[in-house]
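2 protein chains.
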Amino acid sequence: MPAAALAGMSLTLINGSPADTIPADDRGLAYGDGIFRTLAARAGKVILWRRHYEKLSADCRSLSIVPPLESLLQDDLRWILQRMPDCAIRITVTRGSGGRGYALPGDVIPRRIVAASPIPEYPADHAKHGVKVRYCEQRLALQPRLAGIKHLNRLENVLARAEWHDPSIAEGLLLDVDGRVIEGTRCNLFLVEKGVLVTPDLSRCGVSGVTRDAVIGLAARQAIPCRVEPVSCERLQAADAIFLVNSLIGVWPVAALEGRTWHDFEMAVRVQKWLHALADAPA
Amino acid sequence: MPAAALAGMSLTLINGSPADTIPADDRGLAYGDGIFRTLAARAGKVILWRRHYEKLSADCRSLSIVPPLESLLQDDLRWILQRMPDCAIRITVTRGSGGRGYALPGDVIPRRIVAASPIPEYPADHAKHGVKVRYCEQRLALQPRLAGIKHLNRLENVLARAEWHDPSIAEGLLLDVDGRVIEGTRCNLFLVEKGVLVTPDLSRCGVSGVTRDAVIGLAARQAIPCRVEPVSCERLQAADAIFLVNSLIGVWPVAALEGRTWHDFEMAVRVQKWLHALADAPA
Numbered sequence: 015m016p017a018a019a020l021a022g023m024s025l026t027l028i029n030g031s032p033a034d035t036i037p038a039d040d041r042g043l044a045y046g047d048g049i050f051r052t053l054a055a056r057a058g059k060v061i062l063w064r065r066h067y068e069k070l071s072a073d074c075r076s077l078s079i080v081p082p083l084e085s086l087l088q089d090d091l092r093w094i095l096q097r098m099p100d101c102a103i104r105i106t107v108t109r110g111s112g113g114r115g116y117a118l119p120g121d122v123i124p125r126r127i128v129a130a131s132p133i134p135e136y137p138a139d140h141a142k143h144g145v146k147v148r149y150c151e152q153r154l155a156l157q158p159r160l161a162g163i164k165h166l167n168r169l170e171n172v173l174a175r176a177e178w179h180d181p182s183i184a185e186g187l188l189l190d191v192d193g194r195v196i197e198g199t200r201c202n203l204f205l206v207e208k209g210v211l212v213t214p215d216l217s218r219c220g221v222s223g224v225t226r227d228a229v230i231g232l233a234a235r236q237a238i239p240c241r242v243e244p245v246s247c248e249r250l251q252a253a254d255a256i257f258l259v260n261s262l263i264g265v266w267p268v269a270a271l272e273g274r275t276w277h278d279f280e281m282a283v284r285v286q287k288w289l290h291a292l293a294d295a296p297a
Numbered sequence: 015m016p017a018a019a020l021a022g023m024s025l026t027l028i029n030g031s032p033a034d035t036i037p038a039d040d041r042g043l044a045y046g047d048g049i050f051r052t053l054a055a056r057a058g059k060v061i062l063w064r065r066h067y068e069k070l071s072a073d074c075r076s077l078s079i080v081p082p083l084e085s086l087l088q089d090d091l092r093w094i095l096q097r098m099p100d101c102a103i104r105i106t107v108t109r110g111s112g113g114r115g116y117a118l119p120g121d122v123i124p125r126r127i128v129a130a131s132p133i134p135e136y137p138a139d140h141a142k143h144g145v146k147v148r149y150c151e152q153r154l155a156l157q158p159r160l161a162g163i164k165h166l167n168r169l170e171n172v173l174a175r176a177e178w179h180d181p182s183i184a185e186g187l188l189l190d191v192d193g194r195v196i197e198g199t200r201c202n203l204f205l206v207e208k209g210v211l212v213t214p215d216l217s218r219c220g221v222s223g224v225t226r227d228a229v230i231g232l233a234a235r236q237a238i239p240c241r242v243e244p245v246s247c248e249r250l251q252a253a254d255a256i257f258l259v260n261s262l263i264g265v266w267p268v269a270a271l272e273g274r275t276w277h278d279f280e281m282a283v284r285v286q287k288w289l290h291a292l293a294d295a296p297a
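Protein sequence lines, in the order shown, are assigned to chains A and B.
The numbering used here puts the first residue of the first sequence at 15, with every later residue one more than the last.
The numbering used here puts the first residue of the second sequence at 15, with every later residue one more than the last.
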């Protein structure tokens, strides 16, 4: 179905009520003062909900925003999933409305926005035969205070994604200002080195995703070593395999980057299976 | 008048029409994908309008957002100033509504939000006898691609401003991650060193304000040397005088910072007079 035909199918709840607008004085708009998550639901079930809720709460607390109660979000999700059992869901929590200026208003009430849209239809090929990726020119600034948090200050990602229009390139990789490889514009990254998993350290910048955390935990259960380390471009190019993860794409092996190609997708396929099993497990 | 009583007095135009809400799919909310300006109007006239419009346009272009026509914004301002001749005005320009994900939708139309509120009533003392300021713990990340732009990714400022509650402290100073002094949370900064003006270099981070630009230009006209240079804390503490500038506060001399006090406000008072004369000049 073309995107235009689907556009009318989006559903949005704001603080639990169907609505298409937010107050113009919301601090999410004014300053990017809030956080968000993107999650997938299939057959009426949100994938990895507990992990998403825990990360959402942790991100809120990092900004001193009181997280919404899980029961409220679950009510929102129930309402949405009754109408759209398979969908991509974005949950945004902003500081709320209030005041002119950066100072936090004393009586500010956080605002939650739960919006569903059809799951993007990625080529099935991506998960099986891998994707072509590129390096972005846009670098990530080092800000340890905000590193890992999925906050609403995402201009770096917007600028990075605007760098290419070639539809054969599925993702762009972001380096930090020191030239270290951090992540994709919308996903996290794993390397395979002699059977060991490596994922870039996100303590200075980047977004720590729920799927990345899940893969780290699953590797431990499978007794596959997984290291969180700084990754240079040289190291990335020398890896035996690379794959990308996020809540919507799942796992995409990387088939090509800057002239280098990869053909061994065995670990990526294993991780896909782990994640499917985890998604199917009772909550 | 207490803030609560004034809250109802705000006026907002969205794309030229009175409105209090914006579509929930605005990319300003989703990613901080946009820019803003804060300006002062007195007796129905916007102070330094031409400079604000030029900076707003330049900031939009830095993010590949088509700036709103000056005539449209002037229509908005006329409507607002007929109702509130003395006010603080925030102009926000977002990328507009569109799409899920970071990629720019092809057909996105920028959204302009012009919101007026009463000018904050700062103690008159601040401009005459100076203010007490502090250093913030929160550091500014180095991001040359976004440095100088007044974009909507302002979590660093929000976090910095949340560090203190002591109302006797009028502003917090922000250092970058390398420890260089950059600006206040909501203003720019000048030092006086043996009759020479110095303002921190903003090529790696910080917001380049219209009042700062005006002061640099006015200093040149008065044949007072003004240098844009890196500023260390040691250099700041050793300055003969410091003052803060922005569109709403005008010029505030700094009277106290970390145990050091200043009493010579002569240059700050001169700059106040230059700016008053400039504001009164025909546009």
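Treat the hints as calculated values from the structure; they're not laboratory data.
Mixed in with the good hints, there may be bad ones.
[What the hints assert, rightly or not] Going by beta-carbon spacing under 8 Å, a handful of chain A positions derived as facing chain B:
no., residue
1, Ser78
2, Val80
3, Leu166
4, His290
[To be verified] To give an idea of the interface, some chain A residues facing chain B are shown, with a C-beta separation under 7 Å as derived from the structure:
no., residue
5, Thr26
6, Ala38
7, Gly46
8, Ala117
9, Pro119
10, Ile123
11, Ile127
12, Gln157
13, His165
14, Arg175
15, Trp178
16, His179
Ideal Cβ placement from N, Cα and C applies to all residues, glycine included.
Hints and how they fare:
no.: 1; hint: Ser78; verdict: holds, 7 Å
no.: 2; hint: Val80; verdict: violated, 14 Å
no.: 3; hint: Leu166; verdict: holds, 6 Å
no.: 4; hint: His290; verdict: violated, 23 Å
no.: 5; hint: Thr26; verdict: holds, 5 Å
no.: 6; hint: Ala38; verdict: holds, 5 Å
no.: 7; hint: Gly46; verdict: holds, 3 Å
no.: 8; hint: Ala117; verdict: holds, 5 Å
no.: 9; hint: Pro119; verdict: violated, 9 Å
no.: 10; hint: Ile123; verdict: violated, 14 Å
no.: 11; hint: Ile127; verdict: holds, 6 Å
no.: 12; hint: Gln157; verdict: holds, 4 Å
no.: 13; hint: His165; verdict: holds, 6 Å
no.: 14; hint: Arg175; verdict: holds, 4 Å
no.: 15; hint: Trp178; verdict: violated, 10 Å
no.: 16; hint: His179; verdict: violated, 9 Å
Going through the hint list in order, the structure does not satisfy hints 2, 4, 9, 10, 15 and 16.
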